[in-house]
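Asker: Here the protein sequences come in this chain order: A and B.
Residues 21 to 455, numbered by the working numbering, are exactly what the first sequence covers, in order.
Residues 34 to 359, numbered by the working numbering, are exactly what the second sequence covers, in order.
Please keep in mind that the hints were generated in silico from the structure rather than gathered at the bench.
The beta-carbon is built from N, C-alpha and C at its ideal position, and this holds for glycine as well.
Keep in mind that the hints are not guaranteed to be accurate.
As the list claims (entries may be wrong) - Below, computed lysine-lysine pairings styled on DSSO-like, alpha-carbon distance capped at 30 angstroms: (1) B:K132 / B:K80; (2) A:K26 / B:K132; (3) B:K132 / A:K450.
Said to hold, decoys possible - Sample of chain A residues with no beta-carbon within 12 angstroms of chain B, all distances over it, derived: (4) Q53; (5) E59; (6) A80; (7) S365.
What the hints assert, rightly or not - Some, not all, of what chain B presents toward chain A, calculated at C-beta under 8 angstroms: (8) Q241; (9) E244; (10) E257; (11) R306.
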Amino acid sequence: MTEIPKIVYDRLRAAGPERAHPDADLLTAFAEQMLSAVERDGVIEHLARCGDCREIITLALPDTDIATAPIADEAEAGPATSSRAPAPRKLSFSWPSLRWAALAAGVVVVASVLLMRPGKLNQSTPSPAGLQVATTAQPVSSPQIASSQVASSTVVSPPIASPPIKQSALAAKTDETRPQPELQLSRKLKPVTPALQAQSGMLLAENKKESAQADKLTSAPMGAAGALAFDGSARPAATETIEGSNAVSTVEPAPSAEGNLMTRNEAPAIEKAKPAPQGVEATAPQKTTTAGTFAPAQSQARNMASAGKPAPAISANPAPAQHATWAITAGVLQRSLDGGQSWQSALRRDHPLLCYANHGADIWTGGQAGTLFHSADGGLTWAQVQPAIEGQQLSADITHIDLSGDVSGPPQVVISASNNQIWSSTDGGKTWEKQ
Amino acid sequence: MPKRAQSGHRAGAAAAPSVSLYERSGAAAYGVSVARFADILDEILHKYFGPASNSASASTEQKADFCAGLRLEELALARACAEGNERAWEDFISRYRRKLHSMALHITRDAAHAAELADSLFADLYGVNARDGLRRSKLVFYTGRGSLEGWLRTVMAQEFINRYRKQKRTVSLEEQTEQGVQFAAAVPEPACIFDRTSDRTSGRTSDQLLEAATDEALSELSAEDRFTLASYYLDGRTLAEIARTLGLHESSVSRRLDRLATGLRKRILAGLRTQGMSHAQAMEALATDVRDIGLNLRSRLTQDSGAKAFPGGSISAGDAGNTSHD
C-alpha cells in the first residue's frame with residue numbers, strides 16, 4: 021500500500037471529534053447500511069475524527085466464524101454512496117474479463133472432455149444429420165454445465181425445468197430433431213444472459229476469424245464444435261452435447277489453437293480434470309466426479325476452478341424466498357436478490373470459497389482446506405459442516421458440490437475434493453460417506 | 034420504566050399506520066398494547082425528527098416510511114423485555130444468550146474477560162441497576178434502526194472500550210513503573226535537521242506551513258475518505274475490516290487508499306508551493322518531516338476525544354445510564 025507522509029498521520033490524529041459520540045443505534049444502523057444519506061454523512065464525519073468509535077465499529081463487526089449477515093455491497097448502497105468506486109460486480113462482468121474467461125472456459129471444457137473421454141474420440145461417425153443434432157441439443161443441455169468444473173464465470177443456469185434436460189441429454193445420443201425445445205430454451209436464455217449471448221457471439225466471431233480452425237469446427241460431424249462455431253448462444257453447452265453424443269474427435273484442435281488464451285484461473289481446472297475417472301454416464305445424473313460432468317436435474321451448481329479472479333456464476337430460482345442469485349468472487353460468496361443488479365457478500369471466510377451449489381434456499385458452499393458451509397435459509401445464517409467419517413476429516417480443498425434428490429427431503433450432498441475424494445451425505449451433512 | 038410524556042408529541046398520523054405496524058411487530062404476543070406500541074413509535078420519531086409540532090422536520094409520509102423501515106419485531110421484543118415481559122425475556126434469552134457470549138469472545142479474545150463482559154451486559158440489559166427505585170433496562174434505548182443483534186454487538190463493544198479505558202487508567206501507573214517509564218528520558222523535541230526558522234514564509238515556519246497544507250488537503254477529502262485513511266494508517270485496520278465497515282469490496286478500499294495517498298502528497302506539495310515554497314523546498318519539507326511516528330504513537334496511545342462517553346442510547350443525553358470512560 022502506498023505510504024503517506026508522516027505529517028498526515030499527525031494531522032489525522034489531531035482532528036478530534038466535535039460532537040458527542042453517535043449512540044449504539046446509529047452506529048449499528050451505519051454498520052448495517054441502514055442510515056439515510058444525511059445521517060450517514062454525520063456518522064462518518066464523526067468516525068473520521070473519533071478513534072474510539074472507529075474501534076467500536078470494527079469490534080462490533082459480525083464474527084464471520086459464526087454467521088455473516090449480508091453486507092450491502094456498494095452497488096446497492098444508494099445515493100449516499102454515489103461517490104464510491106465501481107462495484108466489484110461490475111468489474112467482474114466487465115467485457116474484457118468476460119471475453120477472456122469465456123474463451124478460456126471453452127478451452128478448458130474441451131480439454132477436460134478430451135481428458136475424460138480419450139477412448140471414445142473416434143467412435144463418432146460423420147453424418148449429415150450430426151450437426152443438426154448438436155445444434156438442437158446444445159441449448160437444452162446447457163443447464164447441465166452448471167455442474168461442470170469450468171463454470172468459472174460465464175455459465176448460466178436458467179430456471180429451466182429438469183425433465184427437458186434429462187430428455188434432451190438422452191436424446192442427443194440418438195434423436196436428430198428437437199427443434200422446439202431449442203427455440204424455447206433459447207428464448208429463455210436471452211433475457212437472463214444478454215451479456216453472455218453477446219460474449220458468445222464474440223467467441224463465435226473470433227472462431228470464424230480463424231478460418232482454418234473454423235473449417236475444422238464446422239466440419240465436425242457430431243456438432244460440439246459446430247455448436248461452438250455457429251450457434252454461439254451457449255458455448256459451454258456444446259461440451260455437454262459432446263458428452264451426450266460421445267463425439268469429440270473434431271474438437272481437438274480447439275485447445276491447441278486457443279491454448280494461449282487460457283488464463284491462470286482455468287489452468288487448475290485442467291489439472292483437476294485429469295484425475296477424474298472415466299467420466300459419468302449420461303444416464304446417471306446423480307453421480308458426480310471431480311470433473312463434475314453432469315448436474316443433477318434439480319440443482320444449480322457452480323464451481324470455481326480458482327478463486328483468484330472474480331468470476332461470478334449465476335443461478336436463478338423461482339420461489340420468492342429463493343430468488344437469490346449466487347456467485348463466488350475472489351473467494352467470497354456473493355448473493356444478488358435482484359437478478360444480478362446488485363450484490364451482497366453472503367459469506368466470507370479465511371479460506372477462499374471455491375464452489376457452491378444451491379437447491380432453492382438450501383445452499384452449500386465449499387472452499388480451501390475443507391471449508392464447508394451450509395445455509396438452509398437462503399444465506400441468512402450459516403453453519404459450518406465438517407465432513408468426517410471414522411475420525412477422518414476432509415481437509416483437502418473442496419472443488420465441487422452437487423445437490424440432488426427429491427424436493428421434499430434433504431438433498432443428497434456430494435462434494436468433490438482436490439485429493440480426488442468424493443464425500444456424500446444424504447442427511448444434510450450429519451453423516452458422510454467417502455468414496 | 035419511566036414513561037416519556039407522550040401526549041405532547043403524539044403524532045396524529047402515526048396512529049393509523051401504527052396498527053398495521055403493530056400487527057407486523059408481533060408485539061401483542063409480548064403483552065404490548067397498541068397504544069403502548071404507538072407511544073414507542075412516537076418516542077422514536079421524537080428522537081429522530083424532533084417534536085411532532087415541528088412540522089418542518091419531516092412530512093407524515095416520511096415518518097410513516099421511517100417507521101415502516103424499523104426492525105419492528107425486534108423492537109417489540111426489546112421493549113417488551115425492558116418492560117419485564119416474561120415471554121419476551123424467554124425469547125430474548127433463547128435467541129441471544131449464547132450469541133452474547135460468542136460476541137464477547139469475539140470482542141475480547143479472552144474467555145475470562147468474555148464471560149465477564151457478557152454477564153455485565155446481560156445485567157445491564159435486564160436492568161439490575163436501579164435508578165430512582167425503578168429497574169432500568171438498557172434495551173429501552175434500542176430503537177430498531179439496525180438489527181437487535183448488531184445493536185447488542187455495538188453496545189458490548191462500547192462497554193468493552195469503556196472498561197478498557199478505565200482499566201488502563203487504573204493500572205497504567207503500575208505498568209509504567211514496571212516498565213521503568215519514570216526513568217525514561219523525556220520525549221525529545223524533533224531534531225532540527227533543517228533550520229525550522231530558516232524557511233520562513235509569510236512569517237510562519239515550514240512546520241506550520243506543512244501542517245496548514247496538510248490540514249487543507251485533508252479538509253478537501255470527503256469524510257469517508259478521511260475515515261478510510263484513519264482506519265488504515267492510524268488504527269491499522271485491515272482492508273477487509275474497512276471494506277466490511279463501509280460495505281465495499283476490499284479491492285475498492287485498496288484502490289481508494291492508493292488514490293488517496295498519492296493525491297494527498299500532491300495536494301500537500303501544491304499547498305506548500307502556493308505558500309511560496311519552491312518545489313525543492315516543498316519536497317524537502319515533506320520528506321524531512323522528522324516527527325517520528327513511533328514517538329507520536331507512544332505519546333498518544335489513546336486518542337482521547339473529550340467527547341461524551343458512549344451513551345447506551347441517546348433518547349436524551351441524561352438518560353444514558355451506562356458507564357463513562359472518564
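Asker: If a hint holds in the structure, say so; if it does not, say that too.
Answerer: To see whether the hints hold, each was checked on the structure:
1. B:K132 / B:K80: holds, 29 angstroms
2. A:K26 / B:K132: Violated, because 41 angstroms separates the two Cα atoms, which is more than 30 angstroms.
3. B:K132 / A:K450: holds, 23 angstroms
4. Q53: Violated, because the least Cβ-Cβ distance between A:Q53 and chain B comes to about 5 angstroms, which does not exceed 12 angstroms.
5. E59: Non-interface label on A:E59 violated, nearest chain B Cβ at 8 angstroms vs cutoff 12 angstroms.
6. A80: Answer for A:A80: violated, closest chain B Cβ roughly 4 angstroms.
7. S365: Non-interface label on A:S365 violated, nearest chain B Cβ at 8 angstroms vs cutoff 12 angstroms.
8. Q241: Not OK, violated: B:Q241 not within 8 angstroms of chain A, min 11 angstroms.
9. E244: Holds, about 6 angstroms.
10. E257: It holds, given that the least Cβ distance between B:E257 and chain A is near 5 angstroms, below 8 angstroms.
11. R306: Since chain A brings no Cβ nearer than about 15 angstroms to B:R306, farther than 8 angstroms, the hint is violated.
Going down the numbered hints, you'll see the structure goes against 2, 4, 5, 6, 7, 8, 11, while the others check out.
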